[in-house]
Structure formats: C-alpha cells, structure tokens
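**Q** Sequence:
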Amino acid sequence: MIKKILFIAFIAFGSLSMVAQTTISGTVKDAKSGEFLPGANVKVSRKSVGTSTDFDGRFELKTTDNPPFTIEISMIGYKTEEVQITKKNQKVEVSLSENETSLDEIVVSASRTPERIMESPVTVERMDIREIKNTSSPSFYDGLENLKGVDVNTNSLTFKSVNTRGFATFANTRFMQLVDGMDNSSPALNFALGNLLGMSELDVETVELLPGASSALYGANAFNGIMFMTSKSPFKDQGISVSLKTGITSQDAAGDNAYNDFNIRMAYAFSDKFAAKATLSYLDGTEWFATDYRNTRNGTYTSGDRNSDRNYNGLNVYGDEVSTNIRGVAQSLERLGILPNGAAALVPSENISRTGYDERDLMTYEAKSVKFSGLLNYRPFGDDRLEIIWNSKYGVGNTIYQGTNRYNIKDFFMEQHKLEFRGKNFFVRGYMTNEDAGNSYDTRFAAININRAWKDDNTWFGQYVGAYFQGTLGGLTSDQAHAIARQTAETGRFLPGTTEFQEAFDRITSDPDLVTGSKFQDNTKLYHVDANYNFQDVIDWAEFQIGGSYRLYSLNSNGSIFTDYDGPIDYDEYGVYTQMQKKFLEEDRLKLTASLRYDKAQNFQGNYSPRVSLAYAAGEGKNQNFRASFQTGFRNPTTQDQYIGLNAGAAYLVGSAPDNLDRYFTQPLIVSGFGQGILGTPTTRVSGRAAYENAFSAESVTNGAPTKADVALVKPEKVTAYELGYRGLVKAGEKNITIDLSGYYNSYQDFIAGKNVIVPFYGTVGDNSLSLAALQNSDIAVFQTYTNSAADISSYGASIGLNTKIFNNFDFGLNYTYAKFDFDQASDPDFEAGFNTPEHKVKVQFGNTELFKNFGFNVNLRWQNAFVWESTFLDATVDGRTVIDAQINYSVPKLKSVFKIGGANIGGQEYFSAPGVGAIGSQYYISWTINN
Numbered sequence: 001m002i003k004k005i006l007f008i009a010f011i012a013f014g015s016l017s018m019v020a021q022t023t024i025s026g027t028v029k030d031a032k033s034g035e036f037l038p039g040a041n042v043k044v045s046r047k048s049v050g051t052s053t054d055f056d057g058r059f060e061l062k063t064t065d066n067p068p069f070t071i072e073i074s075m076i077g078y079k080t081e082e083v084q085i086t087k088k089n090q091k092v093e094v095s096l097s098e099n100e101t102s103l104d105e106i107v108v109s110a111s112r113t114p115e116r117i118m119e120s121p122v123t124v125e126r127m128d129i130r131e132i133k134n135t136s137s138p139s140f141y142d143g144l145e146n147l148k149g150v151d152v153n154t155n156s157l158t159f160k161s162v163n164t165r166g167f168a169t170f171a172n173t174r175f176m177q178l179v180d181g182m183d184n185s186s187p188a189l190n191f192a193l194g195n196l197l198g199m200s201e202l203d204v205e206t207v208e209l210l211p212g213a214s215s216a217l218y219g220a221n222a223f224n225g226i227m228f229m230t231s232k233s234p235f236k237d238q239g240i241s242v243s244l245k246t247g248i249t250s251q252d253a254a255g256d257n258a259y260n261d262f263n264i265r266m267a268y269a270f271s272d273k274f275a276a277k278a279t280l281s282y283l284d285g286t287e288w289f290a291t292d293y294r295n296t297r298n299g300t301y302t303s304g305d306r307n308s309d310r311n312y313n314g315l316n317v318y319g320d321e322v323s324t325n326i327r328g329v330a331q332s333l334e335r336l337g338i339l340p341n342g343a344a345a346l347v348p349s350e351n352i353s354r355t356g357y358d359e360r361d362l363m364t365y366e367a368k369s370v371k372f373s374g375l376l377n378y379r380p381f382g383d384d385r386l387e388i389i390w391n392s393k394y395g396v397g398n399t400i401y402q403g404t405n406r407y408n409i410k411d412f413f414m415e416q417h418k419l420e421f422r423g424k425n426f427f428v429r430g431y432m433t434n435e436d437a438g439n440s441y442d443t444r445f446a447a448i449n450i451n452r453a454w455k456d457d458n459t460w461f462g463q464y465v466g467a468y469f470q471g472t473l474g475g476l477t478s479d480q481a482h483a484i485a486r487q488t489a490e491t492g493r494f495l496p497g498t499t500e501f502q503e504a505f506d507r508i509t510s511d512p513d514l515v516t517g518s519k520f521q522d523n524t525k526l527y528h529v530d531a532n533y534n535f536q537d538v539i540d541w542a543e544f545q546i547g548g549s550y551r552l553y554s555l556n557s558n559g560s561i562f563t564d565y566d567g568p569i570d571y572d573e574y575g576v577y578t579q580m581q582k583k584f585l586e587e588d589r590l591k592l593t594a595s596l597r598y599d600k601a602q603n604f605q606g607n608y609s610p611r612v613s614l615a616y617a618a619g620e621g622k623n624q625n626f627r628a629s630f631q632t633g634f635r636n637p638t639t640q641d642q643y644i645g646l647n648a649g650a651a652y653l654v655g656s657a658p659d660n661l662d663r664y665f666t667q668p669l670i671v672s673g674f675g676q677g678i679l680g681t682p683t684t685r686v687s688g689r690a691a692y693e694n695a696f697s698a699e700s701v702t703n704g705a706p707t708k709a710d711v712a713l714v715k716p717e718k719v720t721a722y723e724l725g726y727r728g729l730v731k732a733g734e735k736n737i738t739i740d741l742s743g744y745y746n747s748y749q750d751f752i753a754g755k756n757v758i759v760p761f762y763g764t765v766g767d768n769s770l771s772l773a774a775l776q777n778s779d780i781a782v783f784q785t786y787t788n789s790a791a792d793i794s795s796y797g798a799s800i801g802l803n804t805k806i807f808n809n810f811d812f813g814l815n816y817t818y819a820k821f822d823f824d825q826a827s828d829p830d831f832e833a834g835f836n837t838p839e840h841k842v843k844v845q846f847g848n849t850e851l852f853k854n855f856g857f858n859v860n861l862r863w864q865n866a867f868v869w870e871s872t873f874l875d876a877t878v879d880g881r882t883v884i885d886a887q888i889n890y891s892v893p894k895l896k897s898v899f900k901i902g903g904a905n906i907g908g909q910e911y912f913s914a915p916g917v918g919a920i921g922s923q924y925y926i927s928w929t930i931n932n
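In our numbering, the protein residues as written are 1 to 932.
Because the hints were derived from the structure by calculation, they are not lab data. Backbone N, C-alpha and C fix where the C-beta goes; we use that ideal spot for every residue, glycine too. Careful, some of the hints might be misleading.
Quick list of in silico lysine-lysine cross-link-like pairs, BS3-like style, CA-CA up to 30 Å [said to hold, decoys possible]: (1) Lys236 / Lys896; (2) Lys853 / Lys735; (3) Lys79 / Lys622; (4) Lys896 / Lys133; (5) Lys368 / Lys896.
Restraint ranges, calculated between C-beta atoms of paired labels, are given here [to be verified]: (6) Phe421 / Asp792: 43 to 49 Å; (7) Tyr394 / Lys853: 40 to 46 Å; (8) Asp792 / Arg385: 50 to 56 Å.
Throw the hints in and build the complete structure from the sequences for me.
**A** Below is the structure:
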C-alpha cells in the first residue's frame, strides 16, 4: 500500500523535474586509487536539491538554479569537495580524498554541535553505513558489540540490551537510546527493547554512542551512556532500497530454525521544498530456548533435582515456586478433624514444592518484529534555514524479557509520532509514545495458575500430606511415602500437549488478575517536548547553547503493573540546560566546554548537573588530541521504582512514591493456626507501607538474627565522573595507526537499589515477641522495596583501541576494555550492586573491503573473562567466552546489488549472556541488498 501511494506521488510530482534549467553531470573518483565511487552525494550548497552517484561513479543533477552556484560532493569516509558551477550543462570530474583516519569523522552528540571525533571532549564511539555494510554480525544492532567499551547483553533473539561502563541489566534504565531524537524506551518499562521497535537497517545514517554520564546535556536517564541513531534524509538519499536476508539459527535445545529479515526503504524529494520517506521491516525466527533446569534456592544455584530434592525449584521451571512446610499442613488438617490427633508428629517438618512446568511448555518461542516508519519533510525556503518534519513510527512484535520473572512479550505494539521544527541553529520537537502490551504474559504465573486450575494449593498439599501419613502408617519408608504422596497429589495434572492444558493456558494467559491469570496489561503513554538554540550566529567570541525538555508519563496498566486501579497515574519532569564552548591559543588548539543542567521531577527535589571538559589538539594537523573532563550525572527513580505494585511470585514489588504505599495491598494471604488466634481471621492482606515501616531485613533473617530493615523512600541517584583520554594519529613507517585511549573513575551517591524485606502478619518488628512468632509460623510476606544504598560505591576502568592498515590494504583493529567496581558489602548486606560486567574484554577486527574487485570480507573476534551476574532472577557466574563472527560480500554494480554470506558465533560453542536466558547458539545468513 505504501509503495502504491509513493508511486502515484512520484508520477504526480514528476513534472516538477521538467522545469529544471541547469543540468550538471560528471563522475566522482577516489583520489588515491582512481576507482569510481558509487553512493557519493552531490547537492547544491545550502539547498536540498541533490542526487548520488551510481555504481559506476556517475551522476546527473538537475536544478532550477542558474549559474553561478556551488555544488558539494561528499561521502562518508572522505573529505567534502566543492565545485563552482559557471555554466549550464557543465561536466565535472571530482576526486575525493579519504579521511586519514576514522577520527576525522564528524559527530554531533558529544557537544550538541558538529566536531571531529578527534576533537571531541569526551569518549565517542561511532558506526556509519560503511561499518554497517562491513559488519559480520547478522544486523547493525548486533554489530554494536564490536565497538570499544560496549556490551550487548542478549535477552533473546530480538531483544538485545546495550550498555557501557558497568551495572548492566536487561531492564537497562541507566542507558538512553534515541532514534532521530526520540527516546524509544517503553514508557512503562523505562528501557528500550533493543531494536525490536527501532530503525530499519537500510535507513541508518550513523550511530553515535557516548559511554558514561551524559546528564548535563541529555537529562536524567543518560546516566551510564546514551546512543543516537540518525536516519537518512529523504532529500539527500533518494530512491528505493531493498534488503533480503535469510538464514538459520542453530541451538542444541531448539535445533536448526529458519529466520528471515526483509527491509524496504522508499524516499523521494518532490522538489527542494518537499520530500517523503517510508520504511518497512519484517523479521521472523525462533528464539533461543531456555532450558536450564538446575536447582535454585534463595536466588542462587544449589544441588539436587526433582528426584533428589522434594523442594526442587528449577531455574527455567515455573510453578514449583509454590512451596510449603507439610507439618504445618498436617497441623491444620488435625484442627479440622481430617487427620487424627497426633498425626502431625508423623509428618516431617519439611518444605515441599509443587511440580512445575518447563518454560518450553509455556512459550512458542516465536520471534517476530514488524516496523513501519513514515516521514514528511517540508523546507519552506528550499534550504536548511527551516525544516518541518512529521514522523510516525509503528512497531509490533514478539520477544522475551527477563526481569524478576520471564515474560513472553507477545503482540507488543508501540507507536511514536513526532513534529519537529529545525534549522541551522535550533530545533523544537515534540513527540508522544504509546504502547500496548498486547497478549504478553508472565510465564511464572502462567504455570502457577495452570497448576491451580486443575487442583488448588490447599487440596494438593492436603492430599500430599494425607497420602504421606497413610503410607507411613502402612510401613513405607519416608522416601517411599513421599513418592506415593506426590503421585497421589499429581492425580489430574494437566499435561502439556493435551486439550485440557491448552484450554487452561489460553484462559490464564488472557486473564490479567495474577490470582487467577498471568496476562501483562499496559497502555502507558509518554509525552515529550525538547528544544535547543545555538547562538553561534549571534555571539562570535564563544559558542553558547540553551535548551530544555519536558516529559509527562501517563501510567495505565489497569492495576496489573502499577497501582493505577482507579485510572491512569500522571507523573512529570522537566529540565533546562546551557553550554558554552570556547577555543583558545593559536589555531584554536585548546577547547573549553562547560555546561550546566537543572532537572526537576514531580516527587523529588531538583538536581544540578555540571560538566567541564578541556581538549587540546597538538601536532601537525591537530592530530594529537588530549582531553580531560569532569561531570556529574543523576538518575531519577523510574516509574516502576515509584509506582509498581506487583506480585512477582518470589516477592511483592511495591514502589516507594509516597502516594503509592497505601494504595497497594497484597491479595488475601493464608494465616497459620497460631496466627488466626492473634488476628481472628484465616487470611490477611499486607500493605505496601508495612514493607517500608514494619519489616525485617531479609539478610538478617537468613543469618538467624532478625533485625528491623532500614528502608527509606527512594530518591535520585547521583554520580561524579572523571575522565582522561587521548586520541591520535601515530606514524609507524609508512603506516598510520590511530590510537584512542581513555580512563575513567565514577563515584556514586544514593545508588538506587531493590532490597528484599520480610513483613510479619502481626506484631511490631523489634518487639521480640509477636513479630518473631510470625517468623516462626511462616506468617510473613516477602517484599522487594525500592530505596537507596548508603554504601560507598565506585567504578573505574580504561580502554584502548588501535586501528591501522596491514599487508597493504587489510583493515586491522584491536581494542581492550578494563572495568572494575568497589563496594563494601558489609556496609549494606541487603544490597546487590549488580555490576554485571566482565573485568577484561578484548575485541579484534580483520578484513578487507576490496580484497579483489567488488569482493570484501570481515572477521570479528570477541573475548571476555568470567564474571558474576546479580539480579532478582538469579545470582550466578557467567562463564568466559570467545566468539567469532565472519562475513564475505560481493558487489554486482550492474544490478546495484551487494550479496553477503556470514555467520555469528561460527565456532558453535554456546554461551549465556546471563543466568536464565536461552543459550546463544550460532546464526548463519545470506543477504541481498539492492540500491543502498
């Protein structure tokens, strides 16, 4: 449909080209090799009229401008050339000189103003269309992992989480991802779902990544880093491009499965004032199966399996979290007269868990992503003085998200709409994000409630105890009695693959009430406005910028995630900033950049974020750059930190916003016989306020010395960051070696932390009486609270990257990253820092874009050592690994096509990015890209 609309528009507006008065034609070559350059951009200076060279390096440009005027010829990786046009039908031959190094490329993100990477005051990593073409990874987003200092944690085939400088999680709220200026994080989850709903690979112009704190310019969420994805302009890059990719994923658990990735981009400039663009992407495949059935206890691995541990709790087995002490059940049955007096004495004081369901029985593992983007660009004056942009993006897909539980994100939908006014020195943009969780569900509660659908917990445990008691009386050993007891209790179990199981599964995954269902509901919205103005044409002695932003969240989960039982919860925040950049000394070799930002969120006091940096360019051509920076950053508690109210199975999650504490209550919880004598009721409900004001520290209870938990309401987290760096070009004989070296130190204050506490059903913690009796009788509820750690936490690290040419024309790159953190666990026993980052990482790249005519190849190797992963799902060690990706590509100019064959993890050694996720196998692909 989109293609038809654009085709009609092309015909309707095609007559505009007939009024062109001047035609310029010519060729563009590489100045060194003399080879013709396809894809070079040719445009009239300061205007949007332009074209690009074909695969033979030829171009023809028609314009209504009369000579004399200037045209610009540019291409990524080359220096821009200007040619004066003095007559109609002029023919030109242009030679472009390649940039000496990648450090000559221009970036905008570091200072919100164009500058060479070489002269950037902070660390910047960058990927452009050349690297995308050359990447050995299955997609450009996967290829980000080859950048220095960048970690990509694989949640599933379609959900990758990017992070820098430690404290990684799949719910990475410390790292911001902007797509054409829009934050594409999920409004409810507060983090980006990888590129599931992001940008088409055909439309990517550049990706820029700033590791470390960037709050001074970009606000609260740019805490660990920020990534900018910028798409191609329909004025500059026109035509229809298509990419077809197909291949297989290979995993021991899942076998070999096909996957397909299709992209199309259509762009056309109807005149120098109006242009349009549309992109469509479709991906399908099979997720990595999660089949880790090792036993767990208290959030870590433990010995045993279902046969040897009657309280077995498998990692990727769900429903077996439901466990109870069977002697307590026997005592209750005695009081009800179901068992004779004294029977409980024959039943051991032992915790028994229900039999669960494997994750693979609860998911189809269908990976899918469909993305559409439509863009309308209008330039009232026909040049870059003012451009008005309307952009609508839609995405729907399936993926897997691992948080406290494993969530099957199914038919998830997100849309974004942006209106932007931008000129040479300013922009004003506003956008909204809306999401719908679709048919997503929590696999843990799906299993728990499927079990309860065929037999409720009281009946199951009652039958277990009754059968155990009868077996014991009949002379069976304890092990034999337990076996008979489970067999008896399991009578009537819904088996995967049966009609009964499927009917219960469908009903439960459509029910948002976690007492009876598992559906994940959400229709949260986000509204955002930001603006920036650069005074460079008004003030000439320095460059000044001012800007600001405003954001409004409207939380709407119908009470299934947040405590929005009575309607949406609105929450807003705003910020303003200014920056000054001044150059000193001869040839402007010294650059001082200073910025200050103030942010205020609804529930918290305001925060100031200053940043000061110095960059000195030494050497001939200013190719030896030294830099130093100091900056502070902060992170506002997320919407979940403040307003969540969720039963996660292992714990109740309750946010700490003041108005949230009294809104949240658990479902009715069963009280022991002793507790019923205190409360006078068989069930009770626990409030969120009790978790913060009347609870035991979970660590102290585990250690056998219960003490009151000290849990303050959450407040913003702060970081003070120091960085030193060097970028330079070093001559080694006839070779140029680029070096990029940096070191950093971060000191954190009020680190946001989730802490588990235990709330007694009765008594006041510290009374040394009833509250301890509640612990002894298991009349308790476990809560996860959101607060700050008082501990001193710091992280530090360094990275170095080397790039050069070897063996005449082969590209060789090597980088190393070191990352470490310090934390005194004894100062805050209940706190888990979750650094989740290997201490050592090495990455190697070797390839040649022109091994012989039209043929290139690239190989990437990544090695990292083992490290500890801490999360609410599980704490465990992630093994070290070595991964190799490789690709070969061949261009066919006559077909305007590039063919590529490649593979990721071609060694076939499966690995885990974190405990609980599916083992990552190999991925092989072949692709055909046309006219890109």
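**Q** Which hints, by number, does the structure contradict?
**A** Violated hints: none; all satisfied.
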